[in-house]
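A.B. asks: If you want the building blocks of each chain, they are given just below.
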Amino acid sequence: MAKNLTGDLHVISANRLADGAVVFLDDAGGWTIELARAALARTSRDSEFLLARVQSQGFGVVEPFVVAVREGNDGSLEPISLREKIRASGITFQVIAAEAVRYA
Amino acid sequence: MPDTHFYRYDEFDRRLVAERVTQFRDQVRRRLAGELTEEQFKPLRLTNGLYLQLHAYMLRIAIPYGTLSSRQLRQLAKVARTYDKGYGHFTTRQNLQLHWIKLEDAPDAIAMLAEVDMHSIQTSGNLVRNVTADHYAGAAVDEIEDPRIWCEIVRQWSTLHPEFSFLPRKFKIAITGSPNDRAAVRVHDVGLRLWRNEKGEVGFEVIVGGGLGRTPMIGKTLREFLPKDELLAYLEATLRVYNRYGRRDNLFKARIKILVHEIGVEKMREEVESEYEAMKDSALKLAPETIEAIAEQFAPPRLPHSPALVPAVEALKLEDRDFALWLKSNTAAHRLAGYRIVTVSLKPAGAPPGDASAAQMEGVADIADAYSQGEIRVSHEQNLVLPHVANEDLPAVYRALGRLGFAEANIGKITDIIACPGLDYCALANARSIPVAQRISRHFADLVRQHDIGDLKIKISGCINACGHHHVGHIGILGVDKNGVELYQITLGGDVDFGKTALGTLLGPAVPADQIVEAVDSLVTTYLQQRRDGERFVDTFRRVGLKPFKESVYGERD
Numbered sequence: 000m001a002k003n004l005t006g007d008l009h010v011i012s013a014n015r016l017a018d019g020a021v022v023f024l025d026d027a028g029g030w031t032i033e034l035a036r037a038a039l040a041r042t043s044r045d046s047e048f049l050l051a052r053v054q055s056q057g058f059g060v061v062e063p064f065v066v067a068v069r070e071g072n073d074g075s076l077e078p079i080s081l082r083e084k085i086r087a088s089g090i091t092f093q094v095i096a097a098e099a100v101r102y103a
Numbered sequence: 000m001p002d003t004h005f006y007r008y009d010e011f012d013r014r015l016v017a018e019r020v021t022q023f024r025d026q027v028r029r030r031l032a033g034e035l036t037e038e039q040f041k042p043l044r045l046t047n048g049l050y051l052q053l054h055a056y057m058l059r060i061a062i063p064y065g066t067l068s069s070r071q072l073r074q075l076a077k078v079a080r081t082y083d084k085g086y087g088h089f090t091t092r093q094n095l096q097l098h099w100i101k102l103e104d105a106p107d108a109i110a111m112l113a114e115v116d117m118h119s120i121q122t123s124g125n126l127v128r129n130v131t132a133d134h135y136a137g138a139a140v141d142e143i144e145d146p147r148i149w150c151e152i153v154r155q156w157s158t159l160h161p162e163f164s165f166l167p168r169k170f171k172i173a174i175t176g177s178p179n180d181r182a183a184v185r186v187h188d189v190g191l192r193l194w195r196n197e198k199g200e201v202g203f204e205v206i207v208g209g210g211l212g213r214t215p216m217i218g219k220t221l222r223e224f225l226p227k228d229e230l231l232a233y234l235e236a237t238l239r240v241y242n243r244y245g246r247r248d249n250l251f252k253a254r255i256k257i258l259v260h261e262i263g264v265e266k267m268r269e270e271v272e273s274e275y276e277a278m279k280d281s282a283l284k285l286a287p288e289t290i291e292a293i294a295e296q297f298a299p300p301r302l303p304h305s306p307a308l309v310p311a312v313e314a315l316k317l318e319d320r321d322f323a324l325w326l327k328s329n330t331a332a333h334r335l336a337g338y339r340i341v342t343v344s345l346k347p348a349g350a351p352p353g354d355a356s357a358a359q360m361e362g363v364a365d366i367a368d369a370y371s372q373g374e375i376r377v378s379h380e381q382n383l384v385l386p387h388v389a390n391e392d393l394p395a396v397y398r399a400l401g402r403l404g405f406a407e408a409n410i411g412k413i414t415d416i417i418a419c420p421g422l423d424y425c426a427l428a429n430a431r432s433i434p435v436a437q438r439i440s441r442h443f444a445d446l447v448r449q450h451d452i453g454d455l456k457i458k459i460s461g462c463i464n465a466c467g468h469h470h471v472g473h474i475g476i477l478g479v480d481k482n483g484v485e486l487y488q489i490t491l492g493g494d495v496d497f498g499k500t501a502l503g504t505l506l507g508p509a510v511p512a513d514q515i516v517e518a519v520d521s522l523v524t525t526y527l528q529q530r531r532d533g534e535r536f537v538d539t540f541r542r543v544g545l546k547p548f549k550e551s552v553y554g555e556r557d
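Residue numbers (numbering that gives the first Met the number 0), protein chains in the order written: chain G, 0 to 103; chain S, 0 to 557.
For the record, the hints were derived by calculation from the structure and aren't laboratory data. Source: prediction; values computed, not measured. All C-beta atoms, glycine included, are put in the ideal place defined by N, C-alpha and C. Do not rely on the hints blindly, as some may be mistaken.
[What the hints assert, rightly or not] Okay, derived cross-link-like pairs now, DMTMM-like style, lysine to aspartate or glutamate, Cα gap no bigger than 20 Å in a straight line:
no., chain 1, residue 1, chain 2, residue 2
1, S, K101, G, D7
2, S, K101, G, E47
3, S, K499, S, D445
4, S, K41, G, D18
5, S, K84, G, D18
6, S, K84, S, E103
7, G, K84, S, D480
8, G, K84, S, D513
[Unchecked claim] Far from chain S, some chain G residues (derived; all Cβ distances over 12 Å):
no., residue
9, L8
10, R15
11, E33
12, D45
13, G71
14, R86
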């Protein structure tokens, strides 16, 4: 089911089955990790149609759902909710540099 | 490498874990091949500790009673480096979470764990989870008996227990063997506290119905004194009553704490005792030789003589202020006067609490081999512990930990913050936790100031599920989402110390994310103005109440 549905513009997102990566449905019906390449649904009806299609076809992803986005002046897409911004852009802090610390 | 001084797997354990790897490998293969739907697969992956979070799968690895050998810690580092992004997150359940595991790699990852007698079984699902214990177990000066012996007995009983594999909800047990409760036994589904009665006998106080989360509750005493050999029968009776009467109609009301609250502890006791009466002389009654066989495996290491007073350590305390502070806050009394328990702070200033890189894990393993009998503990406060360090080795351990960035002299201080992964990782979270912890940590980084402030526990959760234990923080911080904006509720006065266990009191309206550090600073300033000699933050709060703290944060708005 769709969640966080505010605004008029939507994309379809999911996690990729094999590795859990965040992916977005693109115009060709495939999945991309780039939000910029996501298929944009401009009406709720369009987003519901896209969601129903991917749910019925099971494209190697887990639990696809509708994400509300906004379109910037330059045409770039940005999720509206913080949760989806973090999903699209990654964690918001610097992880420890995994190999930077060496025990001498 | 030193021998381990805790339970070693036998053939039964190894076969069980190996079989699980084989089963899970086939389940993953079938899922990737499209032979299993997500609905069919999800319970299978969850019972192996594999969650799907915001960005990736997360593998939760069980660290029974928080005890690790150096070999196991090195293997955890290897798994993190091979199958994840080279780091891991130690949790408030004494487990390790790897947040970037690929489903296709998960079977190989758990096979790598099995090589060192580790697994991720029962780290999720509605069953008995990893049993937690005092992280000073076997070393603490105040210990009556090593609680890990009983954790291991409970682990063996509860692993794949057929009757309790589909409980109404998850079930968490904690055991302490010391009067100073470092295992937070009153905020678990069942808490067990070993104590000695007037006759000199050691048994358990059985506490039931504690817990944090959406409906925080302090556990109530179900049985004042339970003979040790009756432990499993009594637990079986307790879980049977819960399994029968616990609610399954509402996820949020399914924990045992709700059952105890609804029927009352007297009725709960009546039900459990009645069930127990019928089984107390059954096969669940522990034979002395069974207990002894497990206890032998936890026999304390033979520690060589070490002087109680080491002139070189005393001299360094005078020369090196940071070492003196570290000695004061990061080491604790050992049962032997010539030794100290060293807490490895996974909270360097500004770092994500509880995180360690693979290289850091290997470094701690090396230090444990050189100076602590090859043994490491994970604390529920998201630090590591070296349980047996000779006094004369303390300077070397301090320097070695310093090279890893793990010698921050802040244990129990304001920057020793507990924080759940929060909205950066967790699919359940409403707000971020780690960045808030980092900002508070940076703000209070000055060690002298931290020591002046004294013991102050900040605990942060990114949602009401309370994995960051915010309810029992001296200062608790709970992230909430209001119309897409992160806000943080503050509670004061929470505590898990035995006899003083308390849930925090809400300070007032939630504050915006960019004001949380300022709010904590105001609380600390108020405390410093109000405190009397020897009072910790929480003591001053208990004496003066909420009002001055509330005014310090909201005063100008009122």
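A.B. asks: Are there hints from earlier that the structure breaks, and if so, what are their numbers?
C.D. replies: Hints 1, 2, 3, 10 and 14 contradicted; others consistent.
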